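Colleague: Given the sequences, and given the hints that come with them, work out the whole structure.
Everything in the sequence shown is counted per this note's numbering, starting at 1 for the first residue and increasing by one.
Think of the hints as simulated: they come from the structure by calculation, not from any bench.
Please read all numbers here as calculations on a predicted model, not as lab measurements.
Yeah, the Cβ is synthetic: ideal placement off N, Cα and C, and Gly gets one too.
It cannot be assumed that every hint is accurate.
[Claimed, not checked] Okay, derived cross-link-like pairs now, DSS-like style, lysine-lysine, Cα gap no bigger than 30 Å in a straight line:
#1 K88 to K162
#2 K87 to K162
#3 K149 to K88
#4 K326 to K87
#5 K88 to K326
#6 K223 to K6
#7 K326 to K149
#8 K162 to K326
#9 K149 to K162
#10 K87 to K149
[Claimed, not checked] Quick list of the computed label-pair ranges, beta carbon to beta carbon:
#11 R130 to H191: 22 to 30 Å
#12 R130 to S5: 37 to 45 Å
#13 G50 to G289: 40 to 48 Å
#14 S5 to H58: 45 to 53 Å
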Amino acid sequence: MHSLSKPPFDVQLEAFMAQVPIPQNLEPEMIPMMRTALAQANTADLIISGRPIEHEEHTIPVPGGGEITLSVFRPTAVAAAAEGCAKKPGPGIYFIHGGGLVMGNRFLGMSVVADWIEELDATCVSVEYRLAPEYPYPTPLEDCYAGLKWVEANLAMLGIDKSRLMIVGQSAGGGLAAALAILARDRGGPHICAQLLMCPMLDHRNTSVSVQQFSNEGTWSQKNNQTGWTCYLGDHGKAETEQVDILASVGRATVANLLNLPSTFIDVGSAETFRDEDVAYANLLWEAGVQVELHVWPGGIHGFDLLLPTADLSQRAIQTRTAWVKTILERKE
Numbered sequence: 001m002h003s004l005s006k007p008p009f010d011v012q013l014e015a016f017m018a019q020v021p022i023p024q025n026l027e028p029e030m031i032p033m034m035r036t037a038l039a040q041a042n043t044a045d046l047i048i049s050g051r052p053i054e055h056e057e058h059t060i061p062v063p064g065g066g067e068i069t070l071s072v073f074r075p076t077a078v079a080a081a082a083e084g085c086a087k088k089p090g091p092g093i094y095f096i097h098g099g100g101l102v103m104g105n106r107f108l109g110m111s112v113v114a115d116w117i118e119e120l121d122a123t124c125v126s127v128e129y130r131l132a133p134e135y136p137y138p139t140p141l142e143d144c145y146a147g148l149k150w151v152e153a154n155l156a157m158l159g160i161d162k163s164r165l166m167i168v169g170q171s172a173g174g175g176l177a178a179a180l181a182i183l184a185r186d187r188g189g190p191h192i193c194a195q196l197l198m199c200p201m202l203d204h205r206n207t208s209v210s211v212q213q214f215s216n217e218g219t220w221s222q223k224n225n226q227t228g229w230t231c232y233l234g235d236h237g238k239a240e241t242e243q244v245d246i247l248a249s250v251g252r253a254t255v256a257n258l259l260n261l262p263s264t265f266i267d268v269g270s271a272e273t274f275r276d277e278d279v280a281y282a283n284l285l286w287e288a289g290v291q292v293e294l295h296v297w298p299g300g301i302h303g304f305d306l307l308l309p310t311a312d313l314s315q316r317a318i319q320t321r322t323a324w325v326k327t328i329l330e331r332k333e
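Modeller: Next up, the structure:
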């Protein structure tokens with residue numbers, strides 16, 4: 001069978017991929033090594049280095065036993081004002097990292113948010129949810145919800161305006177953020193003013209045209225995706241597709257599942273696995289009456305702006321995203 005026609009990669013991104021080895025056949029036994037590498041490459045110090053941003057950690061218990069860590073990042077001036085109660089509450093960002101649901105930590109991708117912390121005097125809380133396969137669905141999602149509940153209970157201490165708390169997720173974190181928005185709606189809170197989903201991982205079926213087009217190319221292959229989903233769904237994934245929980249695989253949602261969700265921003269590259277499921281999700285949200293801004297970046301690979309932030313396409317994406325965030329978080333309620 002001839003290979004599918006497909007959109008070309010952005011020239012700068014293609015050159016980057018030619019220089020950087022990218023695993024296309026992720027197996028479960030490779031996960032510990034990749035976790036270690038990502039942990040070494042993503043630290044709090046790297047995020048705040050040279051920035052007037054403070055970092056502190058909080059360990060919280062989670063339902064069912066166990067505990068998770070939350071990292072709080074905020075401008076030094078905001079932290080001081082919050083302690084002295086000298087400043088009105090400001091915007092809040094609840095961040096959920098990527099990593100295929102099986103790797104990554106609460107610092108992975110935080111560079112995307114650091115500029116917003118500075119420019120908007122925002123407080124960001126990043127959650128260290130537990131990872132599959134050791135902790136399959138629903139544990140990672142429930143960890144994210146527990147962290148969000150902690151934020152709600154500590155708004156005054158954090159200096160966050162309850163009407164300006166948005167959730168941000170990247171890749172696997174984007175899928176968790178999408179599910180978290182639904183869960184928070186169904187459980188009557190916490191209130192979320194908006195959700196920003198960067199190249200979100202939404203659909204376990206792993207069969208779309210874009211999945212097939214980039215099955216063995218780019219930065220997140222069909223095989224990698226299958227491994228991530230298999231680990232995350234665990235025994236739940238052995239059921240027929242129709243029985244897989246919507247909150248586990250948000251791409252399975254219907255319009256009825258998506259009513260009354262907050263304003264949403266979705267972006268994705270045209271040359272990556274998740275393109276079609278992300279565009280389909282935006283369409284479903286529109287059908288449900290949700291305000292959505294969608295961007296499909298031409299030639300973009302998965303996570304391109306994180307991997308090569310200096311690329312022209314990355315700069316366009318970062319600037320566009322930042323403009324939307326400012327519109328949402330600078331609103332006068």
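Colleague: Hint by hint, say whether it matches the structure.
Modeller: Status of the hints after comparison with the structure:
Distance restraint check for K88 and K162: the Cα-Cα separation of roughly 12 Å lies within the 30 Å cut-off, and the hinted pair is therefore satisfied. Distance hint between K87 and K162 is fulfilled; the C-alpha atoms sit about 15 Å from each other, no more than 30 Å. At most 30 Å may separate the alpha-carbon atoms for a hinted pair to count; K149 and K88 meet this at roughly 21 Å. At most 30 Å may separate the alpha-carbon atoms for a hinted pair to count; K326 and K87 meet this at roughly 19 Å.
For the suggested pair K88 and K326, the alpha carbons sit about 18 Å apart, so the restraint of at most 30 Å is met. Pair hint K223 plus K6 holds up; C-alpha atoms about 18 Å apart against a cutoff of 30 Å. Under the criterion of a C-alpha separation no larger than 30 Å, the hint pairing K326 with K149 is consistent with the structure, at around 24 Å. As the CA atoms of K162 and K326 are separated by approximately 16 Å, the hinted pair is consistent with the 30 Å bound.
For the hint linking K149 to K162, the alpha-carbon distance of about 12 Å falls within 30 Å, and the restraint holds. This hinted pair checks out: K87 and K149 have alpha carbons roughly 23 Å apart, not beyond 30 Å. Hint check: R130 to H191, Cβ distance near 25 Å, so the stated range 22 to 30 Å holds. Checked against the given bound of 37 to 45 Å, the beta carbons of R130 and S5, roughly 41 Å apart, stay inside it.
A hinted range of 40 to 48 Å for the beta carbons of G50 and G289 is consistent with their spacing of about 43 Å. The hinted window of 45 to 53 Å between S5 and H58 holds, with their beta carbons roughly 50 Å apart.
In summary, the structure agrees with every hint in the numbered list given earlier.
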